[in-house]
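Protein chains in written order, with the numbering used here: chain H, -15 to 302; chain A, 8 to 281; chain S, 304 to 842; chain D, 84 to 622.
Simulated from the structure, these hints should not be mistaken for laboratory data.
Be a bit skeptical, because a hint or two may be false.
Unchecked claim - In silico contact screen, one side only, chain H against chain A (beta carbon under 10 Å); selected entries: (1) Leu17; (2) Lys117; (3) Thr136; (4) Arg185; (5) Ile243; (6) Tyr280.
To be verified - Have a look at the derived ranges for each label pair, beta carbon to beta carbon: (7) H:Ile13 x D:Ala503: 44 to 52 Å; (8) H:Asp158 x S:Gly434: 34 to 42 Å; (9) H:Asp158 x D:Asn163: 26 to 34 Å; (10) D:Glu217 x A:Pro193: 38 to 46 Å; (11) H:Thr31 x S:Tyr613: 24 to 32 Å; (12) D:Ala592 x A:Pro193: 23 to 31 Å.
Said to hold, decoys possible - Here are some chain A residues the structure puts well away from chain D; computed CB gaps all over 12 Å: (13) Leu23; (14) Phe30; (15) Pro54; (16) Glu112; (17) Val113; (18) Val167; (19) Val173; (20) Pro193; (21) His197.
Keep in mind the model is a prediction, meaning the values are calculated, not measured.
By construction, the Cβ of each residue, glycine as well, lies at the ideal position given by its N, Cα and C atoms.
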Amino acid sequence: MKVIFQLIIKRIGLSIITLLIVSAVVFFIANLLPGDAAQEMLGQSATPEAVAELREAYGLNDPPMLRYAKWLGGLLSGDAGTSLANARPVSELISSRLSQSLMLAGFTALLAVPFAMVLGIVAAMYSGSRIDKAMNIFTLSMVAVPEFLLATIFVLIFAVELNWLPSLSYIPADAGVYDYFRAFAMPVATLCIVLSAQMARMTRAAVLEQLSQPYVEMALLKGSPLSRAVLRHALPNAVGPIVNAVALSLSYLLGGVVIVEVIFNYPGVASLMVDAVTNRDMPLLQACAMLFCTGYLILVLIADISAIVANPKLRTGG
Amino acid sequence: MNVFKSMPLSGKLGALLVAFWVFVAIFGPWLAPHSASEIVAYDVFEPIGGDYVLGTDYIGRDVFSRILDGTRFTIFIPLLAAALACSTGTLIALFSAVSGPRTDEVISRFMDALISIPSKIFSLVMIAAFGSSVPLLLTITAISYMPGSFRIARALAVNVANMDFVTVARTRGESRLYLAVKEILPNILHPMLADFGLRFVFVVLLLSSLSFLGLGVQPPEADLGSLVRENISGLAEGAPAVIIPAIAIATITIAVNLLIDSLRGGATYAARGK
Amino acid sequence: MTNKRLQAAAMHKVAEQHSGSRRALLKSLGAAGLVTAASGLALPAHVLAQISNEQPPAKPRYGGRIRVATNSMSTKDTLDPAKASLSTDYVRIYMVYSGLTQFNRELGADPALAETFESENQQDWHIKLRGGVTFHDGKDLTPQDVVYSLLRHKDPAVTSRAAPIAAQFEKVVVTGPMSLRISLHAPNADLPVMLASSSFCIVADGTTDFSQTANGTGPYRLKEFSPGVRTVGEKNPNFWKPGKPYLDEIELVGIADESSRVNALLSGDIQMALALNPRSTKRVRRSGTADIMQTESSLYTNLIMRQDAYPTNNPDFVLAVKYMMNRELIQRALFRGYATIANDHPVAPSHKYYNHELPQRPYDIDRAKYHLKKAGLTGARVPVFTSPAAEGSVDMAALLQLSGIETGMHFGINRVPADGYWSNHWMKHPLGFGNINPRVSLDELFSLFYKSDAPWNESGWNNPQFDQLLAAARGEGDEAKRKQMYWDMQELISEHCGVSIPVFMNLIDGYDKRIKGNFPIPTGGLMGYSFAEYVWLDA
Amino acid sequence: MTAHVSVEKLRVEAGPQGQERTIVHDVSFSLERGEVLALIGESGSGKTTIALSLLGYARPGCRISGGAVHVGEDNMAAMNAAQLAGVRGRKVAYVAQSAAAAFNPSRRIMEQVIESALMHGVMSRSQAESKAIELFKQLSLPSPQTIGRRYPHEVSGGQLQRLMAAMALICEPELIIFDEPTTALDVTTQVDVLKAFKDVVKAYNTTAVYVSHDLAVVAQIADQILVLQNGRMMENNPTPTILNHAEHAYTRQLLSAVQDSDSYKDNEPGEVVIDIANIDAGYGKISRDGKPEIPILSDISMRVRRGQTVGIIGESGSGKSTFARVIAGLLPAANGSMLLNNKELTPAIVDRSKAECQQIQMVFQNADTALNPAHKVGDILGRPLTFFHGLKGAARKQRVAELLELVKLPTDLADRKCGALSGGQKQRINLARALAAEPSVILCDEVTSALDTVVAAAILELLGELQAKLNIAIVFISHDISTVKSLCDEIMVLYKGKTVQYTSGKQFASGPYEPYTELLLNSVPTLDPTWLDSRQSRA
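Model the full assembly from the supplied sequences, consistent with the hints where possible.
As structure tokens, then:
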């Protein structure tokens, strides 16, 4: 456990550096954007005077470095700032959306990870066989369809034609299990298909690599059937690379799901960030970027910790 | 040709399909019976086999011509972008692998930072800032997938850097550049080729995602993803204008992967980026 | 054509709804020469004392909950009438607030919170407020609320979208327990119409925080508001229009993706949808459960040729481009007939001041060639900026490019994202597209977009003759002369201004067939965004 | 009495369908119950393939294509997967070459040891665990009660190898296959492990097949020996016959490679090339008194003269390879001094001049990893020529050919990549590359330990010739005491990072020895079959 604790401490330190880099990069590229929050706020009816006044009010006339420093100072004192677009605290805007995003991500992960693992393991067990080839084509076909098309096909079939599911993912206030199922079925299915293929291929590769290890041969020579050799012996040792691939895939579930959020009108953080870009809402944009980066780092950390937990050699610090 | 003969059936199929699409990408614009932007029919979303081979699109343009014209974007942008992403990612990874732990750490953290910025939002910002153009799309997609390439290449390069033959070169007093380019690089080229295939698919998909957000190639030109997107309202009636480009994308990505899988003998590959 | 049939059907439906007493009243008023329907409203103010839309003929059903989708939502969503800038905002504002006046289907203004709206000189307006109106929090409506609501637009800190219009207010003062006076810097007969816009809806005196709450006098009380997610309104039982509204609850959402909006409508997840694509109408009508409502409007997407930049400042170039516009094709292919051909000026044929003697400019490549040659620009390459932000502009540009090739020049299409288009590209390139929402008054339209010093003089057009005509028309009492002046102005724009307007686009809304009580109001989709107080849900 | 194990005309093929090559040709042998057969041969001789076929197993890409493999009643070559799974581990068990790789790193030892017993349902978990503990005791494992709770990486290599024997014995199988079970072990450990194996096999009256390349080891344990070369049987005879009256020339060759020679070297000492004094080295922070946090080497001194070979001997973990890295500058020494040709040599390679780098060349143990598989032989040898001596084009080509001749390889090898070369050829190239630099000292780190006996002998011979011809100094690092004894002018024995004994080769041949040196010398098996039984167990 000491190893994990040390790892976490070290990672937190490095994460701060990474987050700083992200904030600087995002601030830099966002500064390339033409226009600013004042112009976007006033839109088509902007007069130069009004823009100038609003700009002053938003503090947009400060030099970029000063604005960055101010923002950073605020963040360090626990204040993520106020959205320029609607004057609400950024933390409040994000927290309501974050729970939604996490819910979508959670359901997707719950479904996609086991699905992908089963696909990958079966393909690895029968590597080179027809099953393996069929799975290869199947997983490739899954990634080969643009997700907006996939989502639209689902909507047409299950919402418009069959009327089984709602085309929009709204969760009523007094939602029961069934409501959740209905609301999440299609977005989760879409994302599962988008993500599983990659994870399945990685799982296959990782398991296959372990299958060539002498201890698997040993297990077979001890009289273990292939399935047991794979599940009991190879799989625990493939956990490291698998969780890594899973973590990378899942990190997509925070910021990468814009399209699913748009099509199912799901209020998640990805579309919040798109709004932030559109409105030139820098505090919100920065906060979203920080959030995604943190999410990514946490996932990678979880992956590394699971790899350590799964590997007694790393676990005991040997 | 020997390579082709030694391939498994799936590889041959992949190679043939890739060859077909590359042919379309190169000669498509000349083969198109109509101009890609010309409105040829009043009826929209015409089915296959009418006056127009693959029907008409959402404003009555010839779908066949638009596919012939648009394939080159779906082939060449991803091809170049994936090549750029893999080559720069690999080069930076090589540099990182032969540099000291501190430089390596800084580069790795920077790449982590880049990975964590969602590629679609990055594209949105960049296109809003600079306006969409083929070179910019290339740059964006290349930057988006470079850190992933870097991760893989670095993992491979660090492994190779610990091999005895690199140590031998070190004891000879060779420069870092020599170690990176002459000793390590040739040994990670093959797995990076596999990574390249994967990244090609990612770029194809990112491009179609961008077209969904209205950020794709400049109209009236359209890559295959944009064709799917602009005709999506024809999906309900099963219009070939949306189905055929979707099938084209699928066959391209599957073919590239089958080809590359067979080139590396169906071997495994290392972790992937985003 | 199907579209004609549809229009006829729509008109028929509307006629049904407006038969009976209300229709008769309007007719009698019209006969008395007091109502100027579908116009720039220069009507005597006392007419506004009449309440229109009082009793819909069909028996409305009470109760029910609907979900309505507009075409956008973001964190910029607002509850502040002064900040409302997108259709979602307009709908939300009209749901919660009421104005002094409100638009009717004939493009005029009916009195709302104002019981009477009178002026002798069109400069000083006397307003008597309706009695017994209460805000959602129970407070009574007072003239002070109106004064506050109007004058806050002049406060720069409010960053009002209507600030340019509010600049006309010289003074707004309380003149009695239920009356007030608005004094303008100069006469403006269109004030009652202008005040019907959502920006000038009435808020309670002293309200500064609009981030979570909205205290209005409108048909629905705010139940939930999450910017970029949803707005829920629940029936206001104390609404000042007796018997209204009908629904218990309205949930307002934004679905940016049009095909998702259509799918949601067809799958019954939403009951009304704003802004459908003409291409979707076939599907919607075929569904059996939903239908479309078409609103003829003067919304247009125009090509802007800046007069301060080369080569667009060349009059022959401008004419050449105008002849290159294949209007029929645009109307037919891009809008599937849901558009009206325009003649390079912003007045729609349905407008009473529409100059129908001005010959329609044809699609004429030969003449375009002639003018292009005259301008010495044959073979030129000119970039044209388009964006999804200006509806239809991307495809229009593609068609223009084709005509260009025939004519002998190359338009390089530069599509830029909708994001930031209005602040960063609109009017900033020699050749680019704009998109202008319907304006009720021609005076307002011309003053905002075509006068030499207009704030959004898109092409930078400077025509002293036009400016003089505009000023004269505003003060002209004689209807025939005024009409002639507006005719002349249309001709000037069509011949000389650096904008080309190919078509006016019809607004298409989708609705569940159980939705009743809806009719087009030409200021915008979803009944000029004010459907909330009118519609009910049939069993 | 019928044979317990009989193999008849066993044929194994490898490669994809249509391109098979036969890797085992019609091998036949038979064993009585309790007999031990040794399969001996070089790598690629098919010995492991034959052993595995006794389990009905062929590695991926191979298959048993002919013959019969009878164990008791069963023909292993004709069983299906389920039948085989029922027999393996219960009736026939396997002890793999590298226990470190054959134990699953992520599961506790006990789990793995008793797995086959549980799988086959021959006993309950508690029965199996007590049986395992009993076996641990029999195999002289330390703390037999608790060792099963550890993970594989937590016990030493020798212990793992014995644990693996326990794993094989848990079901008391009729036949055990030992596949080079001691090859990866240090000599001192090997003795104990061998002894444990021998005792246990005897105790359970188990039939055993012992695969090895080391005749001396085999002599201790086998009743009969089968000599293999290229998948064919050379000779199959009882052990004493093989040892004393070998029929086949190849067998005699093997025997002679093991024969301990009493020769030693005593070259004329030249001038000192490298002078190392009081070196400390290790990892981690270096404390103020110059000791590293994790010390590997402490206070090592050594002097190498031109034309001389200094041997460094020690077991794994003694720090002998680290010493080579310190001299090469790959691991900078923490303190102490190094002189190269009487000039101060900086500890870290990055601070050394090209000339200094050129003077010291290193040859690594494993030619597979020491040669870049992506490069051609010509480039591997040519690079130091260009780098140090600026040779290019034809001159370089010429010199590469000379180097290849020097290490007795055909010159046309220059155009081939090294992937397809044999182990011996690779090691020669490895050596030639070091010579290409024309160094004054070559550091040879276990250069023969990955090679088969006969090949290793040839390499050593070459090394001697080269030294005589080129008059270079060699530091020869090895765990094989007999090789060092015959090759080196001076010998240093390392134990846990310290010098145990440092003496001339002449003295080393006769003694006296330090106790640890004595132990090392006595642990090397001889061809005398009674040697093992005469040794006292250390454990």
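Hint check:
The beta carbon of Leu17 of chain H comes within 5 Å of a beta carbon in chain A, closer than 10 Å, and the hint placing it at the interface holds. The beta carbon of Lys117 of chain H is positioned within 10 Å of a beta carbon in chain A (closest approach about 6 Å), and the interface hint is therefore held. Taking 10 Å as the C-beta cut-off, the interface hint given for Thr136 of chain H holds, the closest approach to chain A being about 6 Å. The beta carbon of Arg185 of chain H is positioned within 10 Å of a beta carbon in chain A (closest approach about 9 Å), and the interface hint is therefore held.
A cut of 10 Å between beta carbons decides the hint on Ile243 of chain H: the least distance to chain A is about 6 Å, and the hint holds. Because the closest C-beta pair between Tyr280 of chain H and chain A is about 4 Å apart, less than 10 Å, the hint holds. Evaluation of the 44 to 52 Å hint for Ile13 of chain H and Ala503 of chain D yields a pass: the beta carbon distance comes to about 51 Å. About 40 Å separates the C-beta atoms of Asp158 of chain H and Gly434 of chain S, a value consistent with the hinted range of 34 to 42 Å.
Checking the proposed 26 to 34 Å range against Asp158 of chain H and Asn163 of chain D shows it is violated: the Cβ atoms sit about 59 Å from each other. Between Glu217 of chain D and Pro193 of chain A the C-beta distance comes to about 54 Å, which lies outside the given range of 38 to 46 Å. Under the hint 24 to 32 Å, the C-beta atoms of Thr31 of chain H and Tyr613 of chain S, about 27 Å apart, fit the expected range. Take Ala592 of chain D and Pro193 of chain A: their Cβ atoms lie about 47 Å apart, and the range 23 to 31 Å is violated.
The non-interface label for Leu23 of chain A is consistent with chain D: the shortest C-beta to C-beta separation is roughly 23 Å, beyond 12 Å. Residue-level check passed: Phe30 of chain A sits 32 Å from the nearest beta carbon of chain D, beyond 12 Å. Remark: the non-interface label on Pro54 of chain A is consistent with the geometry, its nearest Cβ contact in chain D lying 47 Å away (cut-off 12 Å). With 12 Å as the threshold on Cβ separation, the claim that Glu112 of chain A sits away from chain D holds: the shortest Cβ distance comes to roughly 18 Å.
Val113 of chain A, annotated as away from the interface, keeps every beta carbon of chain D farther than 12 Å; the closest lies near 20 Å. With a least CB separation of 9 Å from chain D, Val167 of chain A falls inside the 12 Å interface cut-off, contrary to its annotation. With a least CB separation of 8 Å from chain D, Val173 of chain A falls inside the 12 Å interface cut-off, contrary to its annotation. Some Cβ of chain D comes within 12 Å of the Cβ of Pro193 of chain A; the nearest lies about 3 Å off, and the non-interface call is violated.
His197 of chain A, annotated as away from the interface, has a beta carbon of chain D within 12 Å; the closest lies near 9 Å.
Hint compliance for this structure: hints 9, 10, 12, 18, 19, 20, 21 are broken, all remaining hints hold.
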